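J.: Sequence:
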Amino acid sequence: MRASFDDYSFVAHLCSSYKPDNPNGAFTASVGDRISCLNCVNLDERDGRCKLDLYDRIMDNNEE
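According to UniProt numbering, the sequence shown is numbered sequentially starting from 1.
Calculated directly from the structure, the hints in this document are not laboratory data. Note that this is a predicted model, so its numbers are computed, not measured. Ideal Cβ positions, reconstructed from N, Cα and C, are used throughout, including at glycine. Check each hint, because a few of them may be wrong.
Claimed, not checked - FRET-style restraints, in silico, Cβ to Cβ:
1. E63 / N22: 28 to 34 Å
2. E63 / D21: 14 to 20 Å
3. V41 / F5: 16 to 22 Å
Sequences are here, hints too, so could you generate the full structure?
T.: Here's what the structure looks like:
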């Protein structure tokens, strides 16, 4: 899964399984903290793919 940050953000906003990878469980309101597949608990860090295999389905269902 290689895409632009905008694509990862787009998918994360539409994904009902998105959960931010925040080990402390603390709320962060920093401008740099954006919703993205890259900071989701379902991202497999070893290969950079969604463990739930939702990225392609979401992108395919939302093509313009």
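J.: Confirm or reject each hint.
T.: Evaluated hints:
In this structure the hint that E63 and N22 lie 28 to 34 Å apart at CB holds, the actual value being about 31 Å. Evaluation of the 14 to 20 Å hint for E63 and D21 yields a failure: the beta carbon distance comes to about 27 Å. Distance hint for V41 and F5: a CB-CB separation of about 18 Å, consistent with the stated range 16 to 22 Å.
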